[in-house]
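Taken in order, these protein sequences are the chains called A and B.
Residue 214 in the working numbering sits at position 214 of the first sequence, and the numbers go up by one each step.
Residue 82 in the working numbering sits at position 82 of the second sequence, and the numbers go up by one each step.
Hint data in this document are derived by calculation from the structure and do not stem from the laboratory.
C-beta atoms are modelled at their ideal positions from N, C-alpha and C, and glycine is treated no differently.
Some clues are possibly wrong.
To be verified - Simulated coverage check for chain B against chain A, where a stretch passes if three residues somewhere in it have a Cβ under 8 Å from a Cβ of chain A:
hint	segment
1	48-56
2	130-139
3	236-250
4	395-404
Claimed, not checked - Listed below are the simulated DSSO-like cross-link pairs for lysine-lysine, each with C-alpha atoms no more than 30 Å apart in a straight line:
hint	chain 1	residue 1	chain 2	residue 2
5	A	Lys-51	B	Lys-406
6	A	Lys-51	B	Lys-205
7	B	Lys-437	B	Lys-378
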Amino acid sequence: MITFILKRLGSGIVVLFVVSILVFSLLYVSSGSIARNILGDQATPEQLAVKNAELGLDQPILARYFSWLTGALRGDLGASWFTSEPVASSLATRIPVTMTMVFVAMTLIAIIATLIGVAAAVKRGWVDRVVQIGAIIGDSIPGFVIGIILVTILAIQMGFFPATSTIAPGVGADAWALSLALPVIALLINGVTGGAQQIRSAVIKQLERDYVRTLRSRGIGEREVLFKHVLRSAAPAGLTVLSLQLIGMLGGVVIIEQIFALPGMGPLAVAATSQSDQPVVMGVVMYTVVVVIVVNLIVDLLNGWLNPKVRVS
Amino acid sequence: MKLGPKAAAAALILSTSLALTACGGGGAAGSNNPGAPKTTTLTLGTVQEIRSWDPAQAHVGHILQPYQAAYDSLILREPDGKLSPMLATDWKYNDTNTKLTVDLRTDVTFSDGAKFDAEAAKANLDHFKTANGPQMAQLTAVSDVAVVDADTIELNLTQPDPSLEYYLSQAAGLMGSPKALGTEGIKTEPVGSGPYVMDKAATVKDSQSVFTARKDYWNKDIQKFEKVTFKTLTDLTARTNALVSGQVDATLLDPKTGKQAEGAKMKLASNQVDWQGLLLLDRDGTKNAALGNVKVRQAINYAFDRKTIVDQVLLGQGTPTSQPFGKESGAWTEELENYYSYDPAKAKALLKEAGYETGVTLDVPAVPGFETQLAVIKQQLNDIGITLNVGAAITNTYTSDISAQKFTSILFSLFQGEPWVATNQIISTKALYNPFKNTTPELQAKIDAVEKGGKDAGKLAQEVNKYVVEQAWFAPLYRVNQMYYHNSKIAVEPQIQQAVPSLYNYSPAS
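Work the whole structure out from these sequences, hints included.
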């Protein structure tokens, strides 16, 4: 178990390293106008040269990468070229907003998708048909469109929620809940419909297996069959789809945060990428890769816990 | 039972989610009752986050406004562009326009208690010249700043700069506390002599900056609110939603979202700040020989049905024009406005005279946000036999690609500022948007006259304007209406050459 975790963490570090090289090279290609973008149209060549030297942009790519890497290994991710704000503190204020939203959305997706998926698989008939149709509709509407519809109806017309975030220091839990409610709903609908579909088919597949027939023939109750045996065998499929959704959500949340003006990772990532603000982009990418690695590891461990058959040695 | 911990976890999650959903309801959308007392707060939706509160990092246009809460400038620019005293009580040039003597107020202190005087003003100007801010070029002409006495400074210039007084009402004129300049602290918390001070506890990076009225502020006339909040809303949809739901009092929209705001009874404070059109950069025909021929450039100008383009691209929210200078710049003239009216037959004839009846190919880079414009002009150019090839552009290297002469023509949106600013942006050989350094002795003489023109710079720039229009250096299409909307709780006066008005232009509605 420990060696498994260590191995996975080791390969995670390799992935981090490779991604950092790739992203750094891509940013290098588009960093030609940085000094000009910072100093404006009318800056003189001398002023541009000073700025380039200040940012280390006059160095060759390898020198620049190693200076970033040695800093990052010491825990220093540098500071934004445009705002001078240290990257670590930018991330520290934004990660809680984004991760609260993603965590709440994922939790709700897990619960709702499981309930709907199991209901559709067990009841079949009209329940199943409603779930299937709902899944097609839910899957085909992008999250940001759902977000805009929700704002228009629930925030602007009915006034139940703020149209854009009111999260600020010192505001109570109610402000957080009100500000996050609509973005979370916008985020979770696609996840619920997609997840329910996967869980439904996994449960149906298990229900048709021989061991279920055997259990039933021994007079074991339907409830116990379902919750103790079928769900446990169907769980790996569900967990895998949930983990994929979480990783996909890290992208989707960027647009949702823009629409709701949430001070999370989204605005930071968009602004930094469009400006080629290399230290910030590197910080955001590294954070994302770490989240993906950790999520995958947790899912693998959970799978092993739920289902000894897939447990790793 | 083995399911224990899992069941407990599920129960915990379920109760959390129930608590969350139970919190719904009760949000208050902004509404204004007639007869309600005057508002004492102002909440503005801003399109961009402030990079740093160091006054030397201040920018132009929409990004100047938040700095005006914390900082006074030496000169105040009125909504119509007139320059009035602020921290400077008086200023005048010597005969050669190479030395500007500025008298200063003596009764002003900064929010940290430091006194504003000649030394403080010099410290700010010196700091601005070396702090590598986005507008540092504003003081390029200033060689040094001398303290004459406690309330007088002299700015010595290497060459005349007709825009200098204007710059002192902009980023270069913002005065911060000399004790705070250059420190880390001022990057996140401004220290100025302005009408408001930052409420650091309520300010969140990337979300909002909150200011409260400064007690004993010297100029109560411009301190009209008790609290001013700048809410960062980079996304257009978010700005629209925040405005119509009453979360912000005013913000910048576009023609399409403006319709939604009008439906919610928001008021428009419209203004023209930018022009859009083609910059025919390769006027000597270095890389595209056809562009070296003035008749070809004129033919391009005659090819455009500008009225239709305005209707299609901007839903009518713009004014067709043939000149690159703005209406309030002083360089604008009525006769140049429709100099090139839509005339495809004339365009074809000009191409024939120039020897290009078999066709001309024009390459432009694709710039995000200009897809519709490019599609429309491609079709209209095609009608007179010019093929428009739309290539690729990488936004982040766009300006360096321009100065590297990578593009022979571009379709772009440009700010219409003061004549000298515009000349150095698109016409002079120093201009970024004149990468092939095109000029003629005739044009250079006209530009020199503007530089030395002092107060007459605007009038003299009319000659520059006339020259580049006749020589078809550009193919301007239209000036864009800036769609700045506000609710009825406040009154807003537009500011010339700014999409977003100066902070002084807002007041509680009576």
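To see whether the hints hold, each was checked on the structure:
1. Taking a C-beta to C-beta cut-off of 8 Å, the segment 48-56 of chain B contributes 3 residues in contact with chain A, enough for the three needed, and the coverage statement holds.
2. With 7 residues having a Cβ less than 8 Å from any Cβ of chain A, the segment 130-139 of chain B passes the three-residue criterion, so the hint holds.
3. With 7 residues bearing a CB less than 8 Å from a CB of chain A, the segment 236-250 of chain B meets the requirement of three and the coverage assertion stands.
4. Using a Cβ-Cβ cut-off of 8 Å, 8 residues of the segment 395-404 of chain B lie near chain A, which meets the minimum of three, so the contact claim holds.
5. With a CA separation close to 23 Å, the supplied pair A/Lys-51 and B/Lys-406 stays within the 30 Å bound.
6. Restraint check for A/Lys-51 and B/Lys-205: the C-alpha separation of about 25 Å stays at or below 30 Å, so the hint holds.
7. A hinted pair counts as satisfied when its Cα atoms are at most 30 Å apart, and B/Lys-437 with B/Lys-378 qualifies at roughly 27 Å.
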